[in-house]
Structure formats: structure tokens, C-alpha cells
Amino acid sequence: MSYRIRFHPAVTDDLDAITHWLIDYAGPQSAARRLDEIEATIASLADLPHRGSRRDEIAPGLRAIPAGRKAVIAFTVDDDAREVHIHAVTYAGADWITRSKVRRR
1 MSYRIRFHPA VTDDLDAITH WLIDYAGPQS AARRLDEIEA TIASLADLPH
51 RGSRRDEIAP GLRAIPAGRK AVIAFTVDDD AREVHIHAVT YAGADWITRS
101 KVRRR
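Residue numbers (UniProt numbering): 1 to 105.
Mixed in with the good hints there might be a few duds.
To be verified - Here are the computed distance ranges between Cβ atoms for each label pair: (1) D24 with H50: 31 to 41 Å; (2) D36 with G93: 12 to 22 Å; (3) M1 with G68: 19 to 29 Å; (4) Q29 with R82: 31 to 41 Å; (5) A92 with M1: 28 to 38 Å; (6) S30 with D79: 17 to 27 Å; (7) A40 with D79: 30 to 40 Å; (8) R69 with T12: 17 to 27 Å; (9) D24 with D56: 32 to 42 Å.
What the hints assert, rightly or not - Only pairs whose alpha carbons sit at most 20 Å apart, straight line, appear in this in silico DMTMM-like list of lysine to aspartate or glutamate: (10) K70 with D16; (11) K101 with E83; (12) K101 with D56; (13) K101 with D47; (14) K101 with D78; (15) K70 with D24.
In short, the hints are calculated from the structure, not lab data.
Note that the structure is a prediction, hence the values are computed from the model and not measured.
Glycine included, every Cβ here is placed at the ideal spot set by N, Cα and C.
Please model the entire structure based on the sequences and the hints provided.
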């Protein structure tokens with residue numbers, strides 16, 4: 001049985017900022033490919049929620065996984081509720097650690 005993917009409300013802003021940056025930097029086709037990589041990585045967490053590296057030194061239960069070559073997805077897993085909580089999506093070295101700390105429940 002798959003886990004449900006839930007997003008912190010600010011993740012929409014993360015993805016919008018990544019989209020605009022990629023379009024400006026690499027063009028719309030490249031941006032679409034990179035966003036597809038990010039979306040595919042997030043979707044894969046429904047079936048494999050414990051992927052990625054545990055980052056308990058940042059916050060208990062926090063995990064981080066790369067998406068493509070330059071994106072990082074920070075998330076936690078609630079096994080009881082069978083949910084994956086996406087706290088931050090960053091690109092090209094943006095500070096996912098601070099965003100994850102601030103956005104934790």
C-alpha cells in the first residue's frame with residue numbers, strides 16, 4: 001500500500017521559484033525536464049518512503065534525497081498515518097536545511 005504525499009504550503013513557492021530560475025537560466029524545455037525529475041522523485045516516495053539520507057542532526061526524522069543533479073527534497077515519514085511530508089524542495093545549492101527546520105510541524 002502506498003503512502004500519501006503531503007506538501008507544506010510553501011513548497012508551491014519553492015517549485016515556482018525553481019521554475020522561474022530554470023526558465024531564465026536554461027530555457028523552458030530544460031526547465032520542464034528538471035521539474036519532471038523533481039516530480040518523479042517525489043512521486044517515488046509514495047512507494048519507497050524511506051529513501052534518502054536520514055538527517056536527524058538537523059531535525060528528528062528528517063530525510064533528504066537528491067532529485068536529478070541539483071535538486072534536494074527534504075521530507076519526513078509518518079508510518080502510522082502512511083504519509084510522506086515534503087517540507088522543502090530546493091535547487092542549485094539553495095538552503096534546504098533552514099527551510100526544513102522552519103517548516104517542520
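Now for the hints, and whether the structure bears them out:
Between D24 and H50 the CB atoms are about 35 Å apart, so this pair conforms to the stated range of 31 to 41 Å. A beta carbon spacing of about 21 Å between D36 and G93 agrees with the range 12 to 22 Å that was offered as a hint. The beta-carbon spacing between M1 and G68, approximately 28 Å, falls within the hinted interval of 19 to 29 Å. Taking the beta carbon of each, Q29 and R82 are about 36 Å apart, inside 31 to 41 Å as hinted.
For the hinted restraint 28 to 38 Å between A92 and M1, the CB-CB distance of approximately 35 Å keeps it satisfied. As the Cβ distance of S30 to D79 is approximately 37 Å, the hint placing it in 17 to 27 Å is violated. Between A40 and D79 the Cβ separation comes to about 23 Å, which falls outside the hinted range of 30 to 40 Å. Separated by about 23 Å at the C-beta atoms, R69 and T12 satisfy the suggested range of 17 to 27 Å.
Separated by about 36 Å at the C-beta atoms, D24 and D56 satisfy the suggested range of 32 to 42 Å. Distance hint between K70 and D16 is fulfilled; the C-alpha atoms sit about 16 Å from each other, no more than 20 Å. With a C-alpha separation of about 19 Å, the suggested pairing of K101 with E83 holds against the 20 Å cut-off. Taking the CA atoms of K101 and D56, the gap is about 11 Å. The hint holds against a cut of 20 Å.
Proposed proximity of K101 and D47 is contradicted: the alpha carbons are some 25 Å apart, above 20 Å. Of the pairs offered as hints, the one joining K101 and D78 holds, with about 17 Å between alpha carbons and a cut-off of 20 Å not exceeded. For the proposed pair K70 and D24, the alpha carbon gap of about 16 Å is at most 20 Å, so the pair holds.
The structure fails to meet hints 6, 7, 13 from the earlier list, while all remaining hints are met.
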